[in-house]
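Peer 1: As they're listed, the protein sequences go chains R and Z.
The letter at position 35 of the first sequence is residue 34 when you use numbering that gives the first Met the number 0, and the numbering goes up by one with no holes.
The letter at position 24 of the second sequence is residue 23 when you use numbering that gives the first Met the number 0, and the numbering goes up by one with no holes.
Copies of the same chain are indistinguishable here, so a pair counts whether it falls within one copy or spans any two.
Here are the computed lysine-lysine pairs in the PhoX-like style, where the Cα-Cα straight-line distance is at most 25 Å:
| id | residue 1 | residue 2 |
| --- | --- | --- |
| 1 | K26 | K105 |
| 2 | K105 | K29 |
| 3 | K69 | K43 |
| 4 | K154 | K169 |
| 5 | K225 | K193 |
| 6 | K75 | K26 |
| 7 | K43 | K29 |
| 8 | K29 | K75 |
| 9 | K69 | K105 |
| 10 | K170 | K154 |
| 11 | K105 | K176 |
| 12 | K225 | K178 |
| 13 | K75 | K105 |
Everything labelled a hint here was simulated from the structure, so no lab data went into it.
2 protein chains.
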Amino acid sequence: MNAQEKIITRLNQNLHICVGLDSDIEKIPKHLLNYNEPILEFNKIIIENTYQFAAAYKINFAFYEKYGAKGFEIIKQTLEFIPDNILTIADAKRGDIGNTSEMYAKAIFDELSFDAITLHPYMGYDSLNPFFSYKDKINFLLALTSNNGAEDFEKLKTIDGNFVFQHVIKKTNEWNKNKNLGIVFGATKIEELKENINSFYDLFILLPGVGAQGGSLDEVVSVFNKNKMNNYLINISRGLIYSDDTINFGNFIKKIIIEHNELIQKIDI
Amino acid sequence: MNAQEKIITRLNQNLHICVGLDSDIEKIPKHLLNYNEPILEFNKIIIENTYQFAAAYKINFAFYEKYGAKGFEIIKQTLEFIPDNILTIADAKRGDIGNTSEMYAKAIFDELSFDAITLHPYMGYDSLNPFFSYKDKINFLLALTSNNGAEDFEKLKTIDGNFVFQHVIKKTNEWNKNKNLGIVFGATKIEELKENINSFYDLFILLPGVGAQGGSLDEVVSVFNKNKMNNYLINISRGLIYSDDTINFGNFIKKIIIEHNELIQKIDI
Numbered sequence: 000m001n002a003q004e005k006i007i008t009r010l011n012q013n014l015h016i017c018v019g020l021d022s023d024i025e026k027i028p029k030h031l032l033n034y035n036e037p038i039l040e041f042n043k044i045i046i047e048n049t050y051q052f053a054a055a056y057k058i059n060f061a062f063y064e065k066y067g068a069k070g071f072e073i074i075k076q077t078l079e080f081i082p083d084n085i086l087t088i089a090d091a092k093r094g095d096i097g098n099t100s101e102m103y104a105k106a107i108f109d110e111l112s113f114d115a116i117t118l119h120p121y122m123g124y125d126s127l128n129p130f131f132s133y134k135d136k137i138n139f140l141l142a143l144t145s146n147n148g149a150e151d152f153e154k155l156k157t158i159d160g161n162f163v164f165q166h167v168i169k170k171t172n173e174w175n176k177n178k179n180l181g182i183v184f185g186a187t188k189i190e191e192l193k194e195n196i197n198s199f200y201d202l203f204i205l206l207p208g209v210g211a212q213g214g215s216l217d218e219v220v221s222v223f224n225k226n227k228m229n230n231y232l233i234n235i236s237r238g239l240i241y242s243d244d245t246i247n248f249g250n251f252i253k254k255i256i257i258e259h260n261e262l263i264q265k266i267d268i
Numbered sequence: 000m001n002a003q004e005k006i007i008t009r010l011n012q013n014l015h016i017c018v019g020l021d022s023d024i025e026k027i028p029k030h031l032l033n034y035n036e037p038i039l040e041f042n043k044i045i046i047e048n049t050y051q052f053a054a055a056y057k058i059n060f061a062f063y064e065k066y067g068a069k070g071f072e073i074i075k076q077t078l079e080f081i082p083d084n085i086l087t088i089a090d091a092k093r094g095d096i097g098n099t100s101e102m103y104a105k106a107i108f109d110e111l112s113f114d115a116i117t118l119h120p121y122m123g124y125d126s127l128n129p130f131f132s133y134k135d136k137i138n139f140l141l142a143l144t145s146n147n148g149a150e151d152f153e154k155l156k157t158i159d160g161n162f163v164f165q166h167v168i169k170k171t172n173e174w175n176k177n178k179n180l181g182i183v184f185g186a187t188k189i190e191e192l193k194e195n196i197n198s199f200y201d202l203f204i205l206l207p208g209v210g211a212q213g214g215s216l217d218e219v220v221s222v223f224n225k226n227k228m229n230n231y232l233i234n235i236s237r238g239l240i241y242s243d244d245t246i247n248f249g250n251f252i253k254k255i256i257i258e259h260n261e262l263i264q265k266i267d268i
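Chain R on its own, in the form it takes in the complex:
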């Protein structure tokens, strides 16, 4: 199954939650500290309890790289717990000159076998194309991000009246020859989502920011429903994986993701 088949299968089952594995030793349930690899055990339990209900998993590289070489091993072992028919996203936000991006693409797609990656668009086409050339993978370019700093550069207005992030969306569509591109759009930016959703076409949309960052699941889903679009993934990290710290946290998280899915089903336009 290539990345497109994996994601489309789940989207067609009305599954839209991307589980963000921002796994932090200081926040995981304390009883896990008795294990040899507490974070790996945490990820394993999260995955076991969510894989039937999740549309994708997103691994936030920062939380693993801080452990150096060991962190890389934990990423690899975590990926082994994720069933092969579910999309895995490397939230690594890469982007560099061509020959360097080639190396990053090898690291993420070949060495680690991720299905998808997040990319910084700043350096433009030739910094991204080495990723785009993996036709069976999905590349999510940062467009409008969920944080306040989005105002600094992403929302600079250009002389044609468009914001910088709107240029990124436009170019991403132009570059989408292999139907393997998507964008990251902050779930915290509902007004901008409403105003720009008609420019998304067949890009895959990854929306972070629900939960800890204040974005609303209902509002995001309503906007997509209203536009009869289902090509979106709503990432939830902290708001889901740390929702319980007891020995039964896995069951609790299962309950929460099921509730999220039920909410998504129920939301009327």
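For chain R, the structure is supplied; the task is to place chain Z on it using the hints.
Peer 2: Showing chain Z alone in chain R's frame:
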């Protein structure tokens, strides 16, 4: 010695070459393949032969991450070969929401003990501030990069008549309260360098693109000399480290970097 002291000491000795360790198993001298860790041996020989003449070392993460956990170990071991009084730059081009950037900062500055990092500005202030808060480190924000793709977004013109990259330079100056910021500016963009150098003030300038990418050492140095500025590092990677593939490549590279330094000394305004 903090990062600022390291870099200023070398700059004041008129040393400006940053040696880029884009070390690729397919390009290193073939005899090194007999070693257990060919890339580590390659880096060691490069460092032994250049440390008296280099202003800094830049490690391009992509070339190491493609080896996963092992790559991280090679980075760590390479750093041990670099004398403690020379600036080390993690060319990792990071940038993410605040709590994630905090983790990346820990990975690069605490776990790996680099002196400096390259950052993607796209997501704005709160994505960068976790790095800025390390006052004894140096953060290089991408402004105008050396590749063709710089035209796509970096050179979008905004309604105030400035390009996006000029906004990045302006903001980086505003954010430089701790005198720990710099920018990346492509050595391939000489006209833009001339036009913008007056906006650099006391930022540290890292210029990639000399050599394989076509930038000219002479031209870059002339522009800085003309403006009586010495706060610049010229990165050379492929053009230096692969300049010889014999068993004596170390000596050859030493000769080349000395020649570069002599050229820099000689260049008249």
